[in-house]
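Enquirer: Based on the hints, put chain B in the right spot on chain A.
Chains A and B, in that order, give the protein sequences.
Take numbering that gives the first Met the number 0: the last position of the first sequence gets the number 428, and nothing is skipped along the way.
Take numbering that gives the first Met the number 0: the last position of the second sequence gets the number 164, and nothing is skipped along the way.
Treat the hints as calculated values from the structure; they're not laboratory data.
Ideal Cβ positions, reconstructed from N, Cα and C, are used throughout, including at glycine.
Be aware that a few hints might be false.
Stated by the list, open to error - No more than 30 Å apart at the CA atoms, straight line, and that leaves these computed lysine-lysine pairs for DSS-like: (1) A:LYS225 x B:LYS72; (2) A:LYS19 x A:LYS278; (3) B:LYS72 x A:LYS278; (4) A:LYS59 x A:LYS133; (5) A:LYS184 x A:LYS278; (6) A:LYS278 x A:LYS225; (7) A:LYS400 x A:LYS236; (8) A:LYS232 x B:LYS72; (9) A:LYS236 x A:LYS59.
To be verified - Just so you have them, the derived chain A footprint on chain B, three or more residues with Cβ under 8 Å: (10) 66-73; (11) 146-157.
As the list claims (entries may be wrong) - Derived CB-CB ranges, DEER-like: (12) A:SER295 x B:ARG87: 37 to 45 Å; (13) B:ASP38 x A:GLU388: 54 to 62 Å; (14) B:ASP77 x A:GLU388: 24 to 32 Å; (15) A:ASN62 x B:ARG87: 27 to 35 Å; (16) A:MET231 x B:SER108: 48 to 56 Å.
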Amino acid sequence: MSQTEPQTYIIDNETDQTFKLNRSALVEPTLFELEQRRIFDVCWIYLGHESEITEPGDFKTRNVCGRPIIFARDSAGDLRAFLNSCRHRGTVVCRLSQGNADSYSCFYHGWVYDRDGALKTVPGAESYGPAFDKADFGLGEVPNFASYRGFCFVNFSAGAEPLEDYLAGATEYIDLVVDQSPSGKMQVVEGTQEYDIAANWKLLVENSFDDYHLLSTHSTWLGYLKDAGVEMKPPEKGHLLPSHGICRNLGNGHATTDNVNFRGRPVARWIPIYGEDAKQEIDEIRAELVTRLGESRATRIADTNRNLVIFPNLVLNDGSSITIRTFHPLSAGRMQVTAWALGPAEESPSALARRLDSFLTFYGPGGFATPDDVEALEMVQAGLQSWREVTWSDLSRGMNKDGEQLNTDELHLRTFWRRWSQYMEGATS
Amino acid sequence: MSGDAASITRSQVEDFLYSEAALLDEWRMDEWLQLLTDDARYEVPPNNVPGGSASDTLFTIADDMARIRARVKRLNSDRAHAEFPHSRTRRMISNVRITNRAADTLSVSANFICHRFRRAERIRQYVGAMNYTLVIDGDGFKIARRVVLIDAHELGSLGSVSFIL
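So here's chain A without its partners, still in its complex pose (with noise of 0.2 Å):
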């Protein structure tokens, strides 16, 4: 294939009830370049939280779509990307990955920018001519930045539609996130777990919320559960899962998960590996949510675990703790992934404690689960390379059904599939 050749990335049959994609989606080198400009270019991609900044002169540097950026708080305590490049011959600015700067001082020539990316000094300025103005020559700035309830994104395209009409349906979940919070202020925890896998970027969107997989690949992380006197009832007609569960697609691209907890929740549902100890402050939690939200919305915040994937490469999973997780692709076959725990901003010591054991367990390089994950990608990216004699992957898990889709079911992928290859196509504006 050569990237002028037109492709048919997906097969979507309603009449036959059948989705297939093209594996070589997941393979082909030249789609790396392209889909940096079809769709990182052009979507609202995750920079960061605002918890992570909180004083003038705060930054975060970040790779994201590639580039080097600055997050950061300026001299008004207002949130900005800047393009962490010096405007004379290009140098990287800032080198630390996080800190509170006065100024930001490019080494090389030592030209200095303000926290307002303002350049303040230029060693020598008498060699320029009258042309040259310091004020021509500030930080450069990503072209949007926006950010809904803390969750802060970029885009790269002038012709940005506005954060809250991209994120579409995906909004609903964000807020039975935020909402946790008694101040509707959430907190990125301390420490950031970041890691490779060998695969192909999307194969980590459809395991994101693909819960197809739990039973045959987090056996043993279901076990421990099991192990800690966790309830795990016999999944109900139709089933798989000890609890019933669906996807949603949630426009967009946007879709998740929603599912009857069974695995505890922080916030606030107890399980015995939270320890008899943890009952009545979960207990409080729960009234807190009950008092501030009423019985209905508390009990959709608590008793719901979902795992959302916001197109093309954020997740929040929120169930026996909140993750955030962004990954960028490196190469077709490679990724890098960051992920972060989050938790409402006035946790006590106690129940952040139970949090962070809670998401270690199952996630992370070094949890009981994700290792598996990586494992299971990396599987499937190795076994992908027959694709031109094994040429399609089957996504129609589901297709038969009318209403209800589960979340053992595959709408929730072929919803983030379908985006994709209308952006790839050309077919969004």
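Expert: Chain B alone, transformed into the frame defined by chain A:
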């Protein structure tokens, strides 16, 4: 060995650490468990906050004894897919120092390289320091605390820590 931390020599500590490394390299997990106290902790701090506390910082691994046992049970099964077949590991331990002595406990620090061979194309080197709290126990030691610090700025190409590091 007496029960007195003051008389313990570095070579006694080294012998213990080498034996532990051999058990882990040979995947003799149940025997390794016997080296731990009943309230032992095993921690791998996040690469970006190596000095953090697991109670308020997201670690890579922060196991109490119940979770260490669960981890071993998982690794002993053939359903821990990330470790099936098992990684081959080879640990090199050096720069062993006794950094503190209390009545019957020692603080010990050592450098390590753990070479991990997963499949032909994947050779990974975990490099860092291990900080132990060892309790003198009869003729040997028990591990009360085992903190593994990885020097890499991020896990990156090291990927998962799916084995006992």
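Enquirer: Please go over all the hints and tell whether each is borne out by the structure.
Expert: How the hints compare with the structure:
Taken as a hint, the LYS225 of chain A and LYS72 of chain B pair is honoured in the structure, with Cα atoms around 13 Å apart against an allowance of 30 Å. Restraint check for LYS19 of chain A and LYS278 of chain A: not satisfied, since their Cα atoms lie roughly 47 Å apart, outside the 30 Å limit. Between LYS72 of chain B and LYS278 of chain A, the direct Cα distance comes to roughly 27 Å. Compliance with the 30 Å bound is thereby established for this hinted pair. A distance of roughly 25 Å separates the Cα atoms of LYS59 of chain A and LYS133 of chain A; the hinted pair therefore holds under the 30 Å criterion.
At roughly 24 Å between alpha-carbon atoms, LYS184 of chain A and LYS278 of chain A fall within 30 Å of each other, so this suggested pair holds. Restraint check for LYS278 of chain A and LYS225 of chain A: the C-alpha separation of about 19 Å stays at or below 30 Å, so the hint holds. Straight-line distance between C-alpha atoms of LYS400 of chain A and LYS236 of chain A comes to about 14 Å, which keeps the hinted pair within the 30 Å bound. Between LYS232 of chain A and LYS72 of chain B the alpha-carbon distance is near 23 Å, which keeps this suggested pair within the 30 Å criterion.
At roughly 49 Å between alpha-carbon atoms, LYS236 of chain A and LYS59 of chain A are farther apart than 30 Å, so this suggested pair is violated. Under a criterion of three residues with beta carbons nearer than 8 Å to beta carbons of chain A, the stated coverage of the region 66-73 of chain B is upheld, 5 such residues being counted. By the rule of at least three residues with a Cβ nearer than 8 Å to a Cβ of chain A, the coverage given for the region 146-157 of chain B holds, with 6 such residues. A hinted range of 37 to 45 Å is violated for the C-beta pair SER295 of chain A and ARG87 of chain B, which are about 55 Å apart.
Between ASP38 of chain B and GLU388 of chain A the C-beta distance comes to about 55 Å, which sits within the given range of 54 to 62 Å. Roughly 30 Å separates the CB atoms of ASP77 of chain B and GLU388 of chain A, a value that falls within the hinted 24 to 32 Å. A hinted range of 27 to 35 Å holds for the C-beta pair ASN62 of chain A and ARG87 of chain B, which are about 33 Å apart. Range check, MET231 of chain A to SER108 of chain B: about 43 Å between beta-carbon atoms, so the 48 to 56 Å window is missed.
The earlier numbered hints that this structure contradicts are 2, 9, 12, 16.
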